[in-house]
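Chemist: Chain by chain, the residues:
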Amino acid sequence: MPSIKVLAKREEERGPRFTGGHSLCAGCAEPMIVRTVLNAIEDPVVVASPTGCLEVASSRYPTTAWNVPWIHSAFENAAATIAGVEAAYKALSRKGKVTKKIRFVVFGGDGGTYDIGLQALSGALERGHDFLYVVLDNEAYMNTGVQRSSATPRCAHATTSPAGSVVPGKPQDRKDLTEIVVAHRVPYVAQASVSHLIDLANKVERAMQYEGPKFINVLSTCPLGWRVPPDSAVNVAKLAVETCCWPLYEVVEGVYKITYKPKEKLPIEKWLEPQGRFRHLFRPEKREDIIRELQEAVDRHWEELLRKERCTQGG
Amino acid sequence: MRKVMTGHKAVAEAMRQIEPDVVAVYPITPQSEIAEYYAEYVHNGIVKTELIPVESEHSAMSACVGASAAGARVITATASQGLALMVEVLYVAAGLRLPIVMALANRSLSAPINIHCDHSDAYLARDSGAIQIFAESAQEAYDYMIMAQKLAENAKVRLPVIVNLDGFTLTHSSQVVETLPDEAVKDFVGEYDPPYPLLDVDRPVTWGVFAMPDYYFELKRAQQAGMEAAPEAFLEIQKAYSELCGRPYKGFFEAYKLDDAERVIVVMGSTAGTAKAVVDELRDKGERVGLLKVWLWRPFPRAEIAEALAGAKAVAVMDRAISFGNLGALYLDVVSGFAGRPGPTFVNYIYGLGGRDVPMEHIAEVFEGLKEAETGELRYLGLRE
Ligand SMILES: Cc1ncc(C[n+]2csc(CCOP(=O)(O)OP(=O)(O)O)c2C)c(N)n1
Ligand code: SF4
Ligand SMILES: [Mg+2]
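Taken in sequence, the protein lines are chains A and B. Following the numbering used here, the numbering of the first sequence begins with 1 at its first residue and continues without gaps. Following the numbering used here, the numbering of the second sequence begins with 316 at its first residue and continues without gaps.
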C-alpha cells in the first residue's frame, strides 16, 4: 500500500499529471484528491470530467492544467463519455492501433453525478465498462454559486435552499449515492475523504485491481460553499469522518469493510458548528431539536453500516 | 449486388461494410431496426465493432463523442425525440470537430406524439454544426452513409454528418438497392487516421476546453471553416463514389427537368420521388415544370441553387416542418440566395406533417398553384381546414 512518500516520489519521477496551473480557489480540496488518485495509478490514464469547478478551473483556453489526456463534453454525461472512450480503447487495441495498457478515470462533482448525471452513471455501471468514477463530493453545485444538490446535507444553507426564517436550509436528507452504486453490484465501491489521503490512495490501488466499474465517493471540502477558512479543508472533512457523518468504507465484491472506525464517535455538532452553512442551527439560538434529529439520523446510518459489515463479512 | 431491402437494411448494410470501431445506439421508431440489425451483426461475429447499448440517446451521442475523441470511427442512428435528447451533445460533437456519422430516420416531434415522418427532427438540429444530407430513396441512404463517412473525416471538414431518410416511407418500405462489394466500401472509406486521439497517452491533449469571451468567438469562427470546406469535399467524394458505383451523384442537389422549367418545386427527401412522377405527367401535357431535390442541406448551397432557379417564373419551396412563427426554414434558405436581386416568385408550402400522405394530386396542386402566386405566401398542403 502506498505512503505519501511513495506517491510524491512517483509524481516527481513522471511529472505531475495534474499541475498547479489551475484556478481552483485557495484551500479547495479538489486538487488534493485529483493528484492523490492519479498518483495512485501506475498505468497511463485518460481522464474525463463533467462541467463543474474542476473542469472550468483546469481547462481555460488556451491553457490547461492536465498533463494527461482529458476530455470534457457536458454536465450530465461524463460516464457515457468515458464509456465511449473505453469502447474505443477496446476496439483499437483489438486492431493493434493502441498497444499500451490505459486506465480510465472520471472526476465528477456531486451535481454532475448524484443528480443530472445519475442516469448516465447507472447505464455505464450496468454495462460494465472498465473505468474508475471518482466523485468530488462538495455537497452542492459550487461552480454555479452554491446551489443545493441531492448530496447537500439536511439543513445546510445553499443558495436554492437558503436558511430562511421559516425553512432552516435544505429540508431533505442527502441521497445515499454510494449505496445506489453498491446496488449495481459493481466490483468495487468506496467512500473516502480528503482528510484521509492515504486511505484514498489505498482505495484507488485496490479498486484498480478489478476489471469493470469502480466507484469512489470522496468528501471534498469547499471552503467557499461550506463557509470555512481556506486552511481548514482537511480538518473540517476530518470532523465529518470522526462524527460518522461521512464514514470511510469500501464494498469489495459485495463485502463491506469500514476502513476507519473513530475510537470515540464525536457528536454531530462538532462537524456542524465550524461551518457557516450550518450557522443558523446555532445562532441566534441553538436549535437543539433539529440537532437531535440530525444526530439520530447519523446514529441510525452508522449502525446500519456496522450491521452491513457484520452481515457481509459473515461475522 | 441488386437486392430488395428496406431503408433500414440499406443503412445497416452500409454500416456493416464500413464496420466502424464503435456504434452507440438507442432504439426509437422508426429507427430501431437499424440498431437491431447491427446488434445481430455484432452478436454473430459478422463485425468487430464495439456496440454500446446505451440507456438513452443523450448517452448515445455522449459515448460517440468519447469514442470519436479517443480516435475511433463512430456511427449512430436515431429519430425524433431521440435526436431532441441528443441535440445538446450534437452541438458538442460539432464544436469538438468530431466526424460522427448519424442516420436520422425522420419522424415528427411531440406533442402530440406521432411516430410518422416529417422533418422537424432534422430542423431541430439545423444550427447544430452537423452537416445534413437528405436521401430520396433507400439507395441514396445507402450511398450517402458511405459518402458521409469520408465527408465527416475529411481533414478540412471534420464535422458530424447526418444522413436523413424519411421514417417509414424509406425506412420500412422495400426497394431495390444496389450494394457495393464489401472490399470496395472498405477501400473507399479507408482507414481512419485521427489527428489528436485521446488514447495517444504520450501526446496528451485537452479536449472540451472552457473558452471565455476572449477566445470563444474565434473558436466558433474556426468551426465555420469546416462547414465552408464541406461543399468542395462533398463534390470530390461524390465524384469518386460515382465512379465506383456507376450511379451519377453530381452536385449539391438533383435537377430534374429543370433547364427550361417555368414552375419549379424545391423539396427534400422521399417526396421528390412523387414529385418526379408528377413532373413527368405534366411534361407529357406540355407544361414546363421541374424539380430541384436538395441533397446537401447544411451547409446550404444557396448560390448554386439560386443559379439553378434563376430562370424559373415561380418556385414552390416545400418544408416538411413548421418553423413556428415564420416561413419554413428551407424556404428562407432558398430565398436567401436571391438576396438583393430579382428572382422568381417564391411560395412556401408546408406539407406532410406527422406522416400526412403526399399523393401525386397534391403535388399537381402545388404546380397548379404556382400559376397564381405571390412571394412570401405560406400555404398548407393536404391540410383539412
Ligand atoms: C445541462 C446543464 N444544466 C446546468 C448547467 C449549469 N451547471 C454547470 S456546473 C453546475 C454545477 C456543478 O456542480 P457539481 O457537479 O457539484 O460540481 P462542483 O462545481 O460543485 O465541483 C451547473 C448547475 C450546465 N452546464 N448544463
Ligand atoms: S467554489 Fe469550492 S469547489 Fe469550487 S473551486 Fe472554490 S473551493 Fe473549490
Ligand atoms: Mg459539487
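Read the hints as simulated data drawn from the structure, not as lab findings. From the three backbone atoms N, C-alpha and C, an ideal C-beta is built for every residue, glycine too. One thing to keep in mind: the hints can contain errors.
Counterexamples of contact, computed for chain A against chain B with all Cβ distances above 12 Å [as the list claims (entries may be wrong)]:
#1 Asp43
#2 Asn77
#3 Glu86
Below, a sample of chain B positions facing chain A; criterion: calculated Cβ distance under 7 Å [stated by the list, open to error]:
#4 Val319
#5 Met320
#6 Glu334
#7 Val520
#8 Phe525
#9 Pro528
Chemist: None of the hints should be skipped; say for each whether it holds.
Modeler: We went through each hint and held it up to the structure:
| no. | hint | in the structure |
| --- | --- | --- |
| 1 | Asp43 | 9 Å, violated |
| 2 | Asn77 | 4 Å, violated |
| 3 | Glu86 | 8 Å, violated |
| 4 | Val319 | 32 Å, violated |
| 5 | Met320 | 27 Å, violated |
| 6 | Glu334 | 10 Å, violated |
| 7 | Val520 | 6 Å, holds |
| 8 | Phe525 | 5 Å, holds |
| 9 | Pro528 | 11 Å, violated |
Of the numbered hints given earlier, the model fails hints 1, 2, 3, 4, 5, 6, 9; all others are met.
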